[in-house]
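Sequences are here, hints too, so could you generate the full structure?
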Amino acid sequence: MALLQISEPGLSAAPHQHRLAVGIDLGTTNSLVATVRNGISVVLNDENGRALLPSVVRYLADASVQVGEAAQALQSEDPANTIVSVKRFMGRGLSDLGSGSGLPYRFVDAPGMVQLRTVAGIKSPVEVSAEILKVLRIRAENALGGSLVGAVITVPAYFDDAQRQATKDAAKLAGLNVLRLLNEPTAAAIAYGLDNAAEGVYAVYDLGGGTFDISILKLSRGVFEVLATNGNSALGGDDFDHRIYCWLLEKNNLSALGAPDTRLLLTRARAAKEELTEHAETRMTANLRSGEAIDTVLTQQDFHAMSQNLVEHTLQPMRRALRDAGLRVEDIKGVVMVGGATRMPQVQRAVAEFFGQVPLTNLDPDKVVALGAAIQANVLAGNRGGDDWLLLDVIPLSLGIETMGGLTEKIIPRNSTIPTARAQEFTTFKDGQTAMSVHVVQGERELVSDCRSLAKFELRGIPPMVAGAARIRITFQVDADGLLNVTARELGSGVETAVTVKPSYGLSDAEITRMLQDSSQHAQDDMQARALREQQVEARQLLEAVQNALAQDGAALLDQAGQARIRGSMDGLRAVLQTDDHHAIKRAITQLNDATVAFAQARMDKSVSRALGGRKLTDLEM
Amino acid sequence: MAITLTENAVQHVRNFLAKRGKGVGLRVGVRTSGCSGMSYKLEFADEVGDDDLQFTSGGVTILVDPKSLAYVDGMELDYTREGLNEGFKFKNPNVKSECGCGESFGV
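Chains A and B, in that order, give the protein sequences.
Reading the first sequence from the start, the letters are residues 1 to 622 in this note's numbering.
Reading the second sequence from the start, the letters are residues 623 to 729 in this note's numbering.
Please keep in mind that the hints were generated in silico from the structure rather than gathered at the bench.
Each hint should be verified, as a subset may be incorrect.
[Stated by the list, open to error] To spell it out: a stretch of chain A is covered by chain B in this simulated footprint if at least three of its residues, at any positions, have a beta carbon under 8 Å from a beta carbon of chain B; those stretches are:
(1) 28-42
(2) 143-154
[Claimed, not checked] Subject to a maximum C-alpha distance of 25 Å in a straight line, what follows is the list of computed SDA-like cross-link-like pairs (lysine to any residue):
(3) B:Lys713 <-> A:Asn142
(4) A:Lys172 <-> A:Val149
(5) A:Lys134 <-> B:Arg703
(6) B:Lys641 <-> A:Arg19
(7) B:Lys711 <-> A:Asp580
(8) B:Lys644 <-> A:Leu363
(9) B:Lys644 <-> A:Pro9
(10) A:Lys172 <-> A:Asp364
(11) B:Lys644 <-> A:Gly10
(12) B:Lys711 <-> A:Val149
(13) A:Lys410 <-> A:Asp580
(14) A:Lys168 <-> A:Ser147
(15) B:Lys711 <-> A:Gly10
(16) B:Lys711 <-> B:Gly680
(17) B:Lys641 <-> A:Pro9
(18) B:Lys644 <-> A:Asn142
(19) A:Lys251 <-> A:Asp261
(20) A:Lys606 <-> A:Ala545
(21) A:Lys134 <-> B:Leu706
(22) B:Lys644 <-> A:Thr361
(23) B:Lys641 <-> A:Gly382
(24) B:Lys644 <-> A:Ile40
(25) B:Lys641 <-> A:Arg50
(26) B:Lys641 <-> A:Pro359
(27) A:Lys134 <-> B:Asn707
(28) B:Lys711 <-> A:Thr277
(29) A:Lys134 <-> B:Glu708
(30) B:Lys711 <-> A:Gly145
(31) A:Lys251 <-> A:Ala305
(32) B:Lys644 <-> A:Glu199
(33) B:Lys644 <-> A:Asp364
(34) B:Lys641 <-> A:Val358
(35) A:Lys606 <-> A:Asp526
(36) B:Lys641 <-> A:Asn383
(37) B:Lys644 <-> A:Arg37
(38) A:Lys333 <-> A:Gly200
(39) B:Lys641 <-> B:Ser679
We put the CB at the ideal spot given by N, CA and C, even for glycine.
Okay, here's the thing in C-alpha cells:
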C-alpha cells in the first residue's frame, strides 16, 4: 500500500493526485534533489544513502552513460569522455572559455554554445546537464512513488539569460517541468527561513568545490533582491585539498607523481581536510606505486597556516560586493553559509570576523540550496495554502536597446523584480525610414560596446514618414524565469515584430561582476562618452539636413560665396567629428548653425511665400 | 474506540511537529473519493474542532471527526520505509477492499 505523508491542514491530496515537486541544486561539483515531506524539506538520498551526486557524466562507446560516482571514478582513465563541471560551459561559446583552459575535452565550436566531442558523438552542455538531472528525477520519482509535477532548479545569481535558458532546456530534456529557476543565494536564504525573518540585508557566502560566490540580498516585503554579487570562479574547497597535497609532496620530498598516485594523495588530502574540521590533527598514510610509504601527521594549526591566503582570497570579493551594494559591514543583518568548504573552522572564523557576527551554519551547507529550492517548489506546486507566499526574484543586469550613436537606453533597470514588463517609445532617425533595427543589450554601461549583445532583429514595414514622426513602442517582458521577450510595434500602422531572447553568448561570471563594477567605476567616462556620442549624432543629423537643403535651394538662394561659407563650416564639423572632443564638436555644430541662419531664413521665406502666394490675407485668418 | 500509533510512528510525528514549530497534533480522517470509494486524510492539526474526538497515543494527540471514526476505528498508524520511499501506513481492520495502489479503500 502507498505510504502517506502528513499534509498541511485542509490540503490532503486526493488519491493519485499528489502534487510531487522537488528542488534541484544543479551544482558545478555536486548536484542534489530535495522535497518537502511531512512539512519538512529533506534531501533525497540514492539507494546507497548518498545525498550528493557528483556532477560528472561519462560517455561510453556503446552510447551508454554513467553519471555520478561511477563516472567520477574513471575521470582520469578516460578524461576526454568524462565531463566534469559542465555547468561552466552552459550557455557559453568557445570564445568565452578562453584558449588556455587546459581542459582535456575536444571542444567543437557551435553557434550559441560550445559542444564536446565524445566517443558517443557530439554532446552539448545542455545534454550533459540533462543526464545529471535525469538521474535526480528518477531518484525522486522512486523516493516519492510517483511522477513529479515539477521542479525548481537553482542557478547562480550571476547567470545571464543564455545560461538560464540552457538550464531550462536541460531540465526539459531530462523530462522535468521547470516550475521556476531560483537564484542559489535566494534558495539558501529560504532554507533558513529568512523570507519570514525581519526585513533587511543578508549576505550569502558560498564556497563550493571549485567556485566562490558572495551575494548580498535585500529582503523587503517577502521579496529578495540581489543587490550585488561577486566571487571567484576558480576558488573552492578543491584548492584547500591541493594545498595539503603540495605540502605532502614537500614534506616527503616527492617530485612529480603519476596520475594514480596524484589521485590517491589528493583523496588523502581531502579526507585530512574534512578530519581537521573536528580534530586537532590527522594522519595521512598511503603506499605509492614506487613502493614508498607515506605516513604524515598534519595539525589543524599547520593546515590553517597553509590555507590562510586562500581564505583571504574570499575577503576581497566580499569587500567589493559590499561596495557595489553601497553598504557597510554593519548593514548586514545575517550571514548564510553555503557549500561544503564552509565547514572549515578557519573559513567560519574569517567570515565571522569580517561581518562581526556569527554566520548561520546549522543547516548542512552542502544541502541548504536544494532544501530552499524544495520549499519553493512545494509552494509553486500548490501544496501550501493560507498565506499567499509568492517569492520574487530580480534581474541581475539591466536590459535595454541600442539607440543612435551606439548608446544604451535601459528599458528594464537591474534589480527589477520579475516577472515584469516595461515599454518605451522610440522614433525614426531619417526621413522616409521604413525599417528599424532593434538591438537588445544587457549591462550597466552607457555604450553598447561595453554591454553584452543579446539579440538583434528588424522591424520592417514602417510607413515612410519624416524623421521623428513614427512612434515605435518597444516592450520588454521578463517572465518568472528571467527570460526576455522583446516586441517592437509601430503604433500608426500596427506592424509588429517580436523576439524571444535565446542569447547566443554567455558571459563569464568574472565578466558579469566586472561589468557591474565597471558601471560604477566608469560612471564619469560613460558620461563623457555619452555626451560625445550625442554630439556626434546631432552633428550627423545636422550635416545631412544642410546637405539636403543645399541640394534643393543652395543655387537659388545663395551666391557662390554664401554656399562656400556653409560648405566650409560643414567641412569644419566633419573634421572634428572624427575626434573624441565633444566640446569641439559642439562648437562646430554651433558654428554651422550660425552659418546657415540666413540661408534657413531665406528658405523659410521662400516656402512661406510659396504657400501664401496668390491668397488674400483674409483667407488666412482663422 | 481508539486509534493508535506504533512507536516508530510516534517518534516521527513528534519530530515532524517539533520541526514544524506549531500544531496541536495529528488529524486523521476519511473522505469519499478515489477508485475504491474512500481515501485517508492525514494532516497536521492546528486547532481542535468542536466535534472532534481526541485520542492520545504515545503522547501524540490524534483528532478524528465523528463521521470518519466509523471507518477508522481500531486503526493503527505505522511509519515505514520501503526502498527509497518512506511514510505512514494505515492498518485498518475495517477495510474490505483496497485499490491496487492502497491509497483508497472500501468498507
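Against the structure, the hints:
1. 28-42: Per the Cβ count (4), the hint holds.
2. 143-154: holds (count 3)
3. B:Lys713 <-> A:Asn142: 23 Å, holds
4. A:Lys172 <-> A:Val149: Status holds; Cα separation ~13 Å.
5. A:Lys134 <-> B:Arg703: 24 Å, holds
6. B:Lys641 <-> A:Arg19: 22 Å, holds
7. B:Lys711 <-> A:Asp580: 78 Å, violated
8. B:Lys644 <-> A:Leu363: 20 Å, holds
9. B:Lys644 <-> A:Pro9: Within the cut-off at roughly 12 Å; holds.
10. A:Lys172 <-> A:Asp364: Given that 25 Å is the threshold and the Cα spacing comes to 29 Å, the pair is violated.
11. B:Lys644 <-> A:Gly10: 16 Å, holds
12. B:Lys711 <-> A:Val149: 23 Å, holds
13. A:Lys410 <-> A:Asp580: It holds: about 24 Å lies between the C-alpha atoms, which stays within 25 Å.
14. A:Lys168 <-> A:Ser147: 19 Å, holds
15. B:Lys711 <-> A:Gly10: 20 Å, holds
16. B:Lys711 <-> B:Gly680: 17 Å, holds
17. B:Lys641 <-> A:Pro9: With Cα atoms ~16 Å apart, Lys641 (chain B) and Pro9 (chain A) stay inside 25 Å; holds.
18. B:Lys644 <-> A:Asn142: 30 Å, violated
19. A:Lys251 <-> A:Asp261: 16 Å, holds
20. A:Lys606 <-> A:Ala545: Answer holds: Lys606 (chain A) to Ala545 (chain A) is near 17 Å, not above 25 Å.
21. A:Lys134 <-> B:Leu706: 17 Å, holds
22. B:Lys644 <-> A:Thr361: Holds. Lys644 (chain B) to Thr361 (chain A) sits at ~23 Å (cutoff 25 Å).
23. B:Lys641 <-> A:Gly382: 21 Å, holds
24. B:Lys644 <-> A:Ile40: Holds. Lys644 (chain B) to Ile40 (chain A) sits at ~13 Å (cutoff 25 Å).
25. B:Lys641 <-> A:Arg50: 23 Å, holds
26. B:Lys641 <-> A:Pro359: 21 Å, holds
27. A:Lys134 <-> B:Asn707: 18 Å, holds
28. B:Lys711 <-> A:Thr277: 40 Å, violated
29. A:Lys134 <-> B:Glu708: 22 Å, holds
30. B:Lys711 <-> A:Gly145: Distance ~14 Å between Lys711 (chain B) and Gly145 (chain A) Cα, so the pair holds.
31. A:Lys251 <-> A:Ala305: 15 Å, holds
32. B:Lys644 <-> A:Glu199: 23 Å, holds
33. B:Lys644 <-> A:Asp364: Holds, at about 23 Å.
34. B:Lys641 <-> A:Val358: Distance ~23 Å between Lys641 (chain B) and Val358 (chain A) Cα, so the pair holds.
35. A:Lys606 <-> A:Asp526: 44 Å, violated
36. B:Lys641 <-> A:Asn383: 18 Å, holds
37. B:Lys644 <-> A:Arg37: Judged against 25 Å, a Cα distance of about 16 Å means the pair holds.
38. A:Lys333 <-> A:Gly200: 6 Å, holds
39. B:Lys641 <-> B:Ser679: Between Lys641 (chain B) and Ser679 (chain B) the Cα gap is close to 19 Å, so the pair holds against 25 Å.
Hints 7, 10, 18, 28, 35 from the list above are not met by this structure, while the remaining hints are.
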